[in-house]
Every structure is written in C-alpha cells, then in structure tokens.
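Engineer: Chain by chain, the residues run as shown.
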Amino acid sequence: MPRQPAGISLRSVGKTYRGRGKTVEALKDMNLECAPGSFTALIGPSGCGKSTAMRVALGLEGFDSGEVLISGQTPGQATAGGVTGVAFQDAALLPWRSVAKNVALPLEVLGRDVSKFSAEIAQLIDLVGLKGYENALPGELSGGMRQRVSIARSLITSPEVLFMDEPFGALDQIRRRQMNVELQRIWSETKSTALLVTHGIDEAIFLADQVVVMHADPGRVVDIIDVPFARPRHPDLFSNPEFHALTDRIAKVLHGE
Amino acid sequence: MGNSLTSLRLKSVRNLVILIIVWEIVGRMDWIAGGALPGLSEILTRLWIDRGDYPGHIWATVYASGLGFLIGNVLAIAAGIAFVLSPTLLRLMRGVNIAIFALPPIAIAPILVLTLSGMAPRVTLAALGVYFVTMSATVIGLSQYDTRSADLVRAYGGGNWLILKLVRIRGAIPDILSGLRIAAPNAVLGAILAEFGGGGRWGLGTYLLGSLGRGDPARLWGIGLVATLIAGLSYAIFAVISSRISGSTRSVTLNTAIPSSHGENAYGRSIQALILCGTITLPFVLWWAFIKLTGVPDLIAKTPHGVFEYLFLNDTSAIARGKLLAALGQTLPIAALGMIAGLAFAFLLAISSRMFPGFIKGFMPVALVTQTMPLVALTPLLVLILGRGYSVTLWITISVTFFPAFVLLVQGIQRVPQSVLDLPRAYGASAWTEMRMVSIPAALPYLFAATRLTVPRALLGVMIAEWLATGTGLGNLLNRSRGYLDYGMIWTVAAVSVLLSVAIYYLVLIVERRTLVRLGMQNVE
Ligand SMILES: Nc1ncnc2c1ncn2[C@@H]1O[C@H](COP(=O)(O)OP(=O)(O)OP(=O)(O)O)[C@@H](O)[C@H]1O
Ligand SMILES: [Mg+2]
Numbered sequence: 000m001p002r003q004p005a006g007i008s009l010r011s012v013g014k015t016y017r018g019r020g021k022t023v024e025a026l027k028d029m030n031l032e033c034a035p036g037s038f039t040a041l042i043g044p045s046g047c048g049k050s051t052a053m054r055v056a057l058g059l060e061g062f063d064s065g066e067v068l069i070s071g072q073t074p075g076q077a078t079a080g081g082v083t084g085v086a087f088q089d090a091a092l093l094p095w096r097s098v099a100k101n102v103a104l105p106l107e108v109l110g111r112d113v114s115k116f117s118a119e120i121a122q123l124i125d126l127v128g129l130k131g132y133e134n135a136l137p138g139e140l141s142g143g144m145r146q147r148v149s150i151a152r153s154l155i156t157s158p159e160v161l162f163m164d165e166p167f168g169a170l171d172q173i174r175r176r177q178m179n180v181e182l183q184r185i186w187s188e189t190k191s192t193a194l195l196v197t198h199g200i201d202e203a204i205f206l207a208d209q210v211v212v213m214h215a216d217p218g219r220v221v222d223i224i225d226v227p228f229a230r231p232r233h234p235d236l237f238s239n240p241e242f243h244a245l246t247d248r249i250a251k252v253l254h255g256e
Numbered sequence: 000m001g002n003s004l005t006s007l008r009l010k011s012v013r014n015l016v017i018l019i020i021v022w023e024i025v026g027r028m029d030w031i032a033g034g035a036l037p038g039l040s041e042i043l044t045r046l047w048i049d050r051g052d053y054p055g056h057i058w059a060t061v062y063a064s065g066l067g068f069l070i071g072n073v074l075a076i077a078a079g080i081a082f083v084l085s086p087t088l089l090r091l092m093r094g095v096n097i098a099i100f101a102l103p104p105i106a107i108a109p110i111l112v113l114t115l116s117g118m119a120p121r122v123t124l125a126a127l128g129v130y131f132v133t134m135s136a137t138v139i140g141l142s143q144y145d146t147r148s149a150d151l152v153r154a155y156g157g158g159n160w161l162i163l164k165l166v167r168i169r170g171a172i173p174d175i176l177s178g179l180r181i182a183a184p185n186a187v188l189g190a191i192l193a194e195f196g197g198g199g200r201w202g203l204g205t206y207l208l209g210s211l212g213r214g215d216p217a218r219l220w221g222i223g224l225v226a227t228l229i230a231g232l233s234y235a236i237f238a239v240i241s242s243r244i245s246g247s248t249r250s251v252t253l254n255t256a257i258p259s260s261h262g263e264n265a266y267g268r269s270i271q272a273l274i275l276c277g278t279i280t281l282p283f284v285l286w287w288a289f290i291k292l293t294g295v296p297d298l299i300a301k302t303p304h305g306v307f308e309y310l311f312l313n314d315t316s317a318i319a320r321g322k323l324l325a326a327l328g329q330t331l332p333i334a335a336l337g338m339i340a341g342l343a344f345a346f347l348l349a350i351s352s353r354m355f356p357g358f359i360k361g362f363m364p365v366a367l368v369t370q371t372m373p374l375v376a377l378t379p380l381l382v383l384i385l386g387r388g389y390s391v392t393l394w395i396t397i398s399v400t401f402f403p404a405f406v407l408l409v410q411g412i413q414r415v416p417q418s419v420l421d422l423p424r425a426y427g428a429s430a431w432t433e434m435r436m437v438s439i440p441a442a443l444p445y446l447f448a449a450t451r452l453t454v455p456r457a458l459l460g461v462m463i464a465e466w467l468a469t470g471t472g473l474g475n476l477l478n479r480s481r482g483y484l485d486y487g488m489i490w491t492v493a494a495v496s497v498l499l500s501v502a503i504y505y506l507v508l509i510v511e512r513r514t515l516v517r518l519g520m521q522n523v524e
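Heads up: the sequence lines are chains V and R, in that order.
Just so it is clear: in the first sequence, position 153 is 152 by numbering that gives the first Met the number 0, and no numbers are missing.
Just so it is clear: in the second sequence, position 463 is 462 by numbering that gives the first Met the number 0, and no numbers are missing.
Certain hints may be false.
Below, a list of computed lysine-lysine pairs in the DSSO-like style, where the Cα atoms sit at most 30 Å apart [stated by the list, open to error]:
| id | chain 1 | residue 1 | chain 2 | residue 2 |
| --- | --- | --- | --- | --- |
| 1 | V | Lys-190 | V | Lys-130 |
| 2 | R | Lys-291 | V | Lys-115 |
| 3 | V | Lys-190 | V | Lys-115 |
| 4 | V | Lys-251 | V | Lys-100 |
| 5 | V | Lys-130 | R | Lys-164 |
| 6 | V | Lys-100 | R | Lys-164 |
| 7 | V | Lys-115 | V | Lys-130 |
| 8 | V | Lys-130 | V | Lys-100 |
| 9 | R | Lys-322 | R | Lys-291 |
Note that these hints are calculated values from the structure, not bench results.
In isolation and in its complexed conformation, chain V is listed as follows:
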C-alpha cells in the first residue's frame, strides 16, 4: 500500500511510563490516522492516554515502539519547522506578557521576525473576540478569555496541523457552544488538520469529521465513528434527532457497552 502524506499518523505506537515501582501502559498499539485538512476528535475516560497521544505526536514525550509522522515528518522536524500549532488544557500564558506578546510567543520560539506579524496578531485577537485587550496582562482576564488567548496563540503560525487538548475545559456551557461555532469557522478558514482532545461528546460530533474513542488500561483506540453532517454546521445541529442518536451511540462505545 503506497504511503500517503497524512496530516497526523500514529502507527502501532506503544508508550509505557515507568514510575517508582509501578509502570503505566499509557498507549498500546495505538493507531490514529487524520487525513490532511480533516478534523478529528479524540474522546475517552480520564487517564486513558489522550494527552499522552497528543504529547507523543508533538514530540514532547518519547515513545517505545511504532511510528509517528506529522505531515510526513518526525514530530521533532514538524514542530521545529512551524508545521504545528498547539493549545493546552490550561491556557499556560506567561503572566508577565501582554495578550499580544503571548500570542506572539510561538513566532519568537521559531525565530521569526515578530514585527512583521503585527497585522496577523491583531487580526487573531479580534477573531477570538478580544479586541481592545491587546495590552492586558493575563492576570486581568477571566479564565475563558485566557483560553481564547491560547487559541489565538495556537493559530499565529498558520499551522498545517493544529493540536488542542481540552481547550474549552474552563468554559461554561454557553461560552463553550459559542467557542465551538467560532472554532469551526476559524478552522474552515485555515484549512488545517485538527486534532481535538475533549470530554464532550456533543462538542466532538459538532466539530469533527471522525470521532476516535479510546479506552484505558492499556490506552488504546476502541472505535472510530465518522460524522456525516454537512458543513458548515449550524448550532441548531445540537438539537437535531440524528445528532442525538449519534451521541447515544458514542456514549455506548465510551462506556464499553
């Protein structure tokens, strides 16, 4: 079979954490294929290895066996080449930098000339609804606003591949829905390959082309469910019967029924 340059590709990846005395098999024979330009949601019970899979794909964590390719490159090459963008569960903003400077951080890490990107920075801050807060410090923002700064930051390098680990974890239900709609719009404009780690089944279905369900002990993929709804998806979808049917199906897989 000829190899396609997939957006994200994890093949039979194994990863074991060796702590004092006990070992945790965080990933076992983990397979994940995300086609270029597709949106994948990764869902599973707490501790099943979702974050580990993402950290392995970003080269933040080594792995014991298997193969990991990001746009056909190793994780190290991909991150250093500015192919990837990332938003963590926690906003992880530097408290002494203004919103604009936090958004610019990946550019600095990649050694790009920040001054050439001032238009993009302003545009992204506007996109996440924080116009006027460019010079605010993270301490002056609410949890949800900080989260949006981190989304803007993940997009500043126009990444081919976008990783998000529960980016809306700190938001209330209404804000979360709004951000889901926003994220769909932003993503469809950027045409990137996206991987979203989440606990929300409705969020996963609303955003993703495929929902990947994982189970723990050892961390592995148990099912991949394609989401048939046409894009762009309207928030009305949340109250669509077919949507609910799919939600129930995924919930069953998730709970191992």
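Fit chain R with the ligands to the supplied structure of chain V, relying on the hints for placement.
Structural biologist: Here is chain R with the ligands on its own, set in the frame of chain V:
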C-alpha cells in the same frame, strides 16, 4: 482590614515611642552596667560631634560593600544559571558552594588581608557574603517554573536555552530579588569584618576598632547605629524593588507539576563516584589555585599541603595541635549550647504562635530588623552591657541563631493553608492537640533547615565574641596568631572552622533525613 492595619501601625509607633523614652531614661540614669547604655540623645550628640569623621568611613564601607555586592551577585547569578543548565556542574560544585556557605567570614578575613591588598580583601569578603544566598535563590527561582509554559515552548521546537530565556529567567526574578534583599546586609557585614581585620585608614570597621579603647560608649553606639542603618537601607531598597515587581509575576493558575531534576541518576556508578571525588577535591583545588594565582610567598600563604605540614609534620606541630584542640574545646561547647538554646526558644515560640498571633505580628518586624544588623558592630555594645564573661558569648550565639530560625519557622508554619490549621479546631480539638497534630509537624522540617543554616552564623557569633570580648577559643587564637605572625595557625583556624561547619551541616542533614523519612515528611532546602 485597612482598619486593623492602621491600628497595627499606630501600635508599632506607640511601642517605638515607649521604647525610646525608656531607653532615654535608662541611659541618662546610667542604670545599665555603669553607663554602658547611653541615652539616645547622648548618642545623637556624640554623632553630631563626630560628624566630620563619618563621611570618609561611611564612603569606604559603602564603596567596598557595594562593589563586592555587585561582583558577588553577578558571579552568583551566572553560576545559578549554569547550575540549572547542567546538573552535573551543580553536583561538582556542591563542595565549593557548601564551603562558601559555611565559611565564617571572621576566619577568612585575616587570610584575605594576608594575600590581597588595598580594597581587595573587603570587596572579596563582601562578595563571598552575598554569593551563596543569591546563587541558591537563583537556582530555586529557575527550578520552580511553570512546566506548562515550558511545554508550549518545546511544542514549537524550542530547546532548553529558549525555555530559559522566555520562561524561566523572567519567572525567577522575584526569587532573585528576594535573594538580593537578604544578601545586601551580608555585603555590609563582610566589608566591615575585613576592615576590622586589615588595617587601612577608612571604613566603619576601622573606626570602630580605633574607638574600642577610648571607653566612650556613645561613640560605639553611634557607629553601631550607622552600620545598622546602612545595612537596613540596603535591605529596604531591594524589598521595595521586589514588591514593585512581583505584582505581575505570580503565576495566574497554580502549577502542580514539579520540574524533574534530570540527570540525577543518569550516570553509572563509576562516573557518580568520579563526580563525588571532584566535589570533595574541588574546594581544595580552588584554595591551592587561589594561592598560586595571588603569588604570595609560601611562608605567608599556606596551601592545603602547607596546613597539613604545619599540623602534623613540623617540629612545632605538637604544640600547634595542642593550641588548636584547647581552643576548640572552649569554642564548640559554648557554640552548641547557644545554638540549642536559640533554636529551642525559636521553635517553642513559633509553634505556639497560633495561640497569640498578635504578639507574633508585632515581633516579626523586630526579628527581621535584627537580621540586617551587622553583628560585628553590635558585639562591642553587648560587651559594654554584659561584660567580658561567657555570658556575652552565649547571648550573642543565642541571638544569632534565634532570629533567623524564628523567621524561617514562622514562615514555614504560615505556608500551611489556614483550612488545614483550622481542621482540628473544627472537630473540637484542644489547643495542645492542635499543636501536636498540625503546628509541630508543620514546623519540624523547618527546624532542621534552620539548624543547618545557622551553624556558620553560630560559629561566627562565638568567634567574634571570643575575639573582641572573652579572649578565649578559636576567635582569640586567630587574633593572637595575627599578632605573632603565626601564619600556619591563621590558615589552620580558617580551614578547621570551615571543615567544622561543613561537617556539622552534613551531620544535621543525615539526622534530618532519617527523622523526616521515619515521620514521612519532606525536607526543605
Ligand atoms: N509523566 C507521567 N509519568 C507517569 N505516568 C503518567 C505521566 N503522564 C501520564 N501518566 C499516566 O498515563 C496515563 C494516561 O495519562 P493521560 O494524561 O494521557 O490521560 P488523559 O486521557 O489525557 O486523561 P484526562 O482526560 O484526565 O486528561 C494515566 O494513567 C497517567 O497516570
Ligand atoms: Mg489529559
């Protein structure tokens, strides 16, 4: 809140006024030791009479301590960064770091005066006084960074250097500033001590030494006050800067992951043994290199080998050993006694602090001020009051151990969340049960840390008292050896006092590890 703060301020002012009035009356009446404590007005009058003398002396002391502060801190911060980047280097240099931490400046002062000239001994001693504090503050600050921010930098392909530059250094600034704050008075103390031991015409230490024989308490008090003021001001400057800056650097959310210290066990047994060898020999290599670099003749400057020869191979070795052992026999018991008393007092006061919080609130500022007082300038004053017996040595030792230990212990207990402290109360526990279940376990790790940290101070206190007051023990041996030009003994006393405080440091550390492991607690650095 605002109200209680103003009432606290008012109380402090009131207490201060009462103190000054009592001081004035007691001083005027010559009630203490036949006029050893003059009234404040008498001291100020004397200061006014002496006003022509002060500028030159103050300038010399400020210049030496300022330059030493600068040099010592630049080295300390650079070393801290290097240690964080290379844990192997940190382990290699551990011996040197501990030695610098443990060296009683008074024992080093004569050596520096012998080997260096001009302002250099003062600057060096001031720099040595600040190095350890700032270096360890830098390492702690750089080690406690937000691992999530570091992950972010790494997720864009950034390496250790970029993490250091973008995340860790800026995050460490509050810690470094609080290090500088504590280091500043140390620089002043170092400079004065070197002035004390090393001739020259200017400097508060020189002035003090020249005034000792004049039997004018008001003059001595004046010099002591000025020295304290300089040290206190240097502390205050950095306290203000750090409160200005640390407003925006506190992490927005709490980070629970502790950065792992890579490389602790990354090597095989043989390489670990090699590193340990390096750790132990490096201080001696530096000592040797220092002498070779300064080019001072062998007769005056003793290498490690020279000291060994002096103590064990020469004809006079037996006599030298006898003198040394006799001096140790006088110094160690009193140092131990003073330390134990000081620490016990601090521990008792700290664990009962929950019972009378008002007292602690009022007392903490006093404890902090005493931390900044240059010990050497205060000893003559205590001698005036307490005489030249053992009690003065004991009191000095108790006070130099009590105050830092107390501050450390109270801060340790304050780190325990209020809810944890309140929990036993909520179940109807008595004050004693609460103390046994919460306050004592919370304070115990800090008691050990305080013991380790105050060993060199206790030794310094005893030696200063012996030098200036009692004419016994190591301090006196050091002083007499300078008079007799007994260079071998000067180097020996310096080496022995450093080795001794390193040895006690490790002894406490071993006991501490055993005890805390048995009680299932963590030790604090
Ligand atoms: N640094 C580590 N050292 C040891 N074990 C770890 C480490 N990181 C994660 N683990 C273990 O690996 C397993 C998977 O963890 P992971 O963080 O990937 O879970 P997750 O699916 O992201 O969970 P959550 O939804 O709660 O974020 C867990 O059992 C966890 O205890
Ligand atoms: Mg996770």
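Engineer: Check the structure against each numbered hint from earlier and tell me which ones fail, lowest number first.
Structural biologist: 2, 4
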